[in-house]
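Take the given structure of chain A and dock chain B to it, following the hints.
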Amino acid sequence: MNDAAVSEDAPRINYLTNGFSVKSWLLSVDHKRIGILYLIAMTCFFALGAVAAGLFRLELATAEADVLANDTYNKLFTAHGIIMVFFFLIPAVPGVLGNFLVPIMIGAKDVAFPRLNLASWYIYMAGGLTTLGAIMLGGIDTGWTFYTPYSSVYADSNVIMAGTGVFITGFSSILTGLNFIVTIHKMRAPGMTWMRLPLFIWAQYATSIINVLGTPVLAITLLLVVFERGLGFGIFDPARGGDPVLYQHLFWFYSHPAVYIMILPGFGVVSEVIACFSRKRIYGYEFVAFSSLAIAGIGFFVWGHHMFVSSQSEYAALIFSALTFLVGIPTAIKIFNWTATLYKGSVVLSAPMLYTLGFIGLFLVGGMTGLFLATMATNVHLTDTYFVVAHFHYVMVGGMMMAWLAGLHFWWPKMFGKLYNEFWAKVGAAVIFFGFNFTFFPQFIAGNMGMPRRYHVYDLDYQPFQMLSTAGAFLMGTGLLICLITLVMSLITGKKCGRNPFHATGLEWNKADSPPDTHNFTEPVNVDVEAYDYTDERIYRDA
Amino acid sequence: MSHATSDHAHKPYQQHHFESMQQQTQSTLLGIWLFMAQEILFFGGLFAAYTIYRILHPAAWEAGAASQNLLLGTINTIVLIGSSLSIVLAVHAARHADKAKVLKFFSLTLFLGLVFFGIKYVEYSAKWDHHMIPGIRWDDHHALHTLQQHAHAGQHLEELPSGIQLYYSLYFVMTGMHALHMIIGFGLAFWIMAKTAKGCFNEEYYPHIEYFGIYWHFVDVVWIFLFPLLYLV
Chain A
1 MNDAAVSEDA PRINYLTNGF SVKSWLLSVD HKRIGILYLI AMTCFFALGA VAAGLFRLEL
61 ATAEADVLAN DTYNKLFTAH GIIMVFFFLI PAVPGVLGNF LVPIMIGAKD VAFPRLNLAS
121 WYIYMAGGLT TLGAIMLGGI DTGWTFYTPY SSVYADSNVI MAGTGVFITG FSSILTGLNF
181 IVTIHKMRAP GMTWMRLPLF IWAQYATSII NVLGTPVLAI TLLLVVFERG LGFGIFDPAR
241 GGDPVLYQHL FWFYSHPAVY IMILPGFGVV SEVIACFSRK RIYGYEFVAF SSLAIAGIGF
301 FVWGHHMFVS SQSEYAALIF SALTFLVGIP TAIKIFNWTA TLYKGSVVLS APMLYTLGFI
361 GLFLVGGMTG LFLATMATNV HLTDTYFVVA HFHYVMVGGM MMAWLAGLHF WWPKMFGKLY
421 NEFWAKVGAA VIFFGFNFTF FPQFIAGNMG MPRRYHVYDL DYQPFQMLST AGAFLMGTGL
481 LICLITLVMS LITGKKCGRN PFHATGLEWN KADSPPDTHN FTEPVNVDVE AYDYTDERIY
541 RDA
Chain B
544 MSHATSDHAH KPYQQHHFES MQQQTQSTLL GIWLFMAQEI LFFGGLFAAY TIYRILHPAA
604 WEAGAASQNL LLGTINTIVL IGSSLSIVLA VHAARHADKA KVLKFFSLTL FLGLVFFGIK
664 YVEYSAKWDH HMIPGIRWDD HHALHTLQQH AHAGQHLEEL PSGIQLYYSL YFVMTGMHAL
724 HMIIGFGLAF WIMAKTAKGC FNEEYYPHIE YFGIYWHFVD VVWIFLFPLL YLV
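Protein chains in written order, with the working numbering: chain A, 1 to 543; chain B, 544 to 776.
Check each hint, because a few of them may be wrong.
[What the hints assert, rightly or not] Per label pair, the in silico range of CB-to-CB distance:
(1) A:K23 x B:I727: 25 to 35 Å
(2) A:D384 x B:L628: 52 to 62 Å
(3) B:I727 x A:F301: 27 to 37 Å
(4) A:L326 x B:T594: 43 to 53 Å
(5) B:R680 x A:Y154: 19 to 29 Å
(6) A:A322 x B:S668: 45 to 55 Å
(7) A:V245 x B:L628: 39 to 49 Å
(8) A:G191 x B:H559: 46 to 56 Å
[Claimed, not checked] So, partial list: chain B residues that the calculated Cβ filter (under 7 Å) puts toward chain A:
(9) Q569
(10) Q581
(11) G588
(12) H684
(13) H685
(14) L687
(15) Q708
(16) M736
It should be emphasised that the hints constitute simulated quantities derived from the structure, not laboratory data.
Glycine included, C-beta positions come from ideal geometry on N, C-alpha and C.
Okay, chain A solo, but in the shape it has when bound (with noise of 0.2 Å):
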């Protein structure tokens, strides 16, 4: 072990002085150059995503029709649903922070399948493009489920492109998924036993199973709704005694476990920033990483819950909603483990951590209403409510999003290798947090009252709640750009920073330069010690 004496003041090559043509990026077969350019791809996507919310937020902040038609309405939050489902919470963390950690963290040059690697952003470019095609070239308005009959018979939008483009991205999760099980599975460093990986990997392992055993499903129920509506198949006509309920079991029993594969790597992110900043070992560590196997594993039996008004027998319905009921718990044990972890810790109330702390709350929310909609009785009076699209906000944006830029805060100096303004880090935390309560807390009141969704002219009694929700939207809008701004101002005048700023454990802090070496290490990495060892000098080392 001769770490210490790396020289620090020449500048050597690492994976983003390697080569500078545009080229050089886009057939690099680096999984961390294939990170960034996820961040880049994904980004632009988030921002689509979130201007088609500010347009609708905007429409509905009275009860009268004045911004918008009601078919540009249904096109909005149809591309707002599919571009932030498919192109941003399904990728986010796993395209970007997935890729550029996991072989880091576990010791390896690269992942398993480095050109795979590099098709599955192809992959994932050219989904998301003819997606993007579609939305231009007259939209969708379906909603991001593609229910048919609707979608299949009576839309007179482009289903058949949107979903095209939707299926060909959903192989760049599946190649995603298998090259990370195959890493994780051969790729570790000598030492870094199953019980030593950070809780981050346990998170894309998960995951990835998800991926791989879920997305295929999918795929060929898009195509069914494809070859029904472009070649006049009836597999869901209930004309020709088809059945739409199947197309609902088909999609859910993806997307549900969809849920999981957006919000497991958040929960792996967490892990990290918590135990960083707490400066403690995860309370817990073998609960929190096999609860994330248990909730890939249950989480593939409870699809039935997002069909309880539809014509489902009442006893499959019984026994889906019990199956939710045991899905909360591998969460709720994760969300103790986190707590247990803060307490009595050296709290440290960085960036990184509000939004963590951000998460764990909203997560909590989200949660916990997730228990209204599992019970059958509750669920019938608040199906398709606006209670729903406050609950799946909590777990997908209150959660999830603030997941990600959690990650994206802690490890953006090791990406970078440039620190942030942490003030202005810390105010675009804050304003995003409370945005997003503005917006989606008064969801859940009007969704109780009765207000059902995808309406934008609407009974004048909701009025109040809308209007408060479109200023929260712009709020947490603003946030974001304060976020964004912040990042972005770093990469040009922020202070250059040493391999471990933030005095973390983990491969990825002591073994790796910020940014890192092309090839991630400098020397052989054998590893010596347990995960999230906070009592190790050694991370004090290279601030």
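Okay, now just chain B, sitting in the frame of chain A:
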């Protein structure tokens, strides 16, 4: 890892990010099997739809299966099993670095694949002639006539059974997806044959050939399920 030392003299075909040949081989093999797992789920959606609609519309399934050409289906099953056998022989030849034999058996596999497609063409065009392609070329009168002609003894068809178009929709989607996998297999086979001819493989390094075998067997197994489900039941 501990086994790294023995292998550390890098073989030309070892990629630089792997520590050893063994690590590379194990990784790619695990990758292929995971890919097969997602393939099973992909077809799994279709089998789920098949199962549910079959339970809902048993008469349509009976009439539909009876209308298939059992002889051609059987021949095709044998042809595909033959192509799988030929791939096994190709893998065996690769193990002994017998380039000529590898190319010979790959060609045989491709030839049998083409025979399969030829027979499938005859079957599909019969459906076309009888107006039995839902959405594209369907006619109730023609379809009923054809079904009556092929109905099993004791099965009386006064009118089209409910869900008959579902049977044919699934027939075309399932056999079509299977055929698509065969076409992809053709492309892979040509690529691997070119690599073989160039001498990229030797007796200890022929993963492409082995993995193609796994893929081709999978495609074959899908047909082994499709044949009884669509023709025999």
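So, going through the hints one by one against the coordinates:
1. A:K23 x B:I727: 25 to 35 Å: The hint (25 to 35 Å, Cβ to Cβ) holds, given that A:K23 and B:I727 are roughly 29 Å apart.
2. A:D384 x B:L628: 52 to 62 Å: Roughly 55 Å apart at Cβ, these two residues keep to the hinted range, so it holds.
3. B:I727 x A:F301: 27 to 37 Å: 32 Å, holds
4. A:L326 x B:T594: 43 to 53 Å: 26 Å, violated
5. B:R680 x A:Y154: 19 to 29 Å: Because 23 Å falls inside the window, the suggested range holds.
6. A:A322 x B:S668: 45 to 55 Å: 51 Å, holds
7. A:V245 x B:L628: 39 to 49 Å: Given a distance of about 43 Å, which is inside 39 to 49 Å, the answer is holds.
8. A:G191 x B:H559: 46 to 56 Å: 22 Å, violated
9. Q569: At about 6 Å, which falls below the 7 Å cut-off, the nearest Cβ of chain A leaves the hint on B:Q569 intact, so it holds.
10. Q581: OK, holds: B:Q581 within 7 Å of chain A, min 5 Å.
11. G588: 4 Å, holds
12. H684: Violated, because the Cβ-Cβ distance from B:H684 to chain A comes to roughly 16 Å (cut-off 7 Å).
13. H685: This interface hint is violated because 16 Å lies over the 7 Å limit.
14. L687: 15 Å, violated
15. Q708: 4 Å, holds
16. M736: This hint is violated: B:M736 lies away from chain A, its Cβ roughly 21 Å from the closest one there, beyond 7 Å.
Checked against the numbered hints above, the structure violates hints 4, 8, 12, 13, 14 and 16; every other hint is satisfied.
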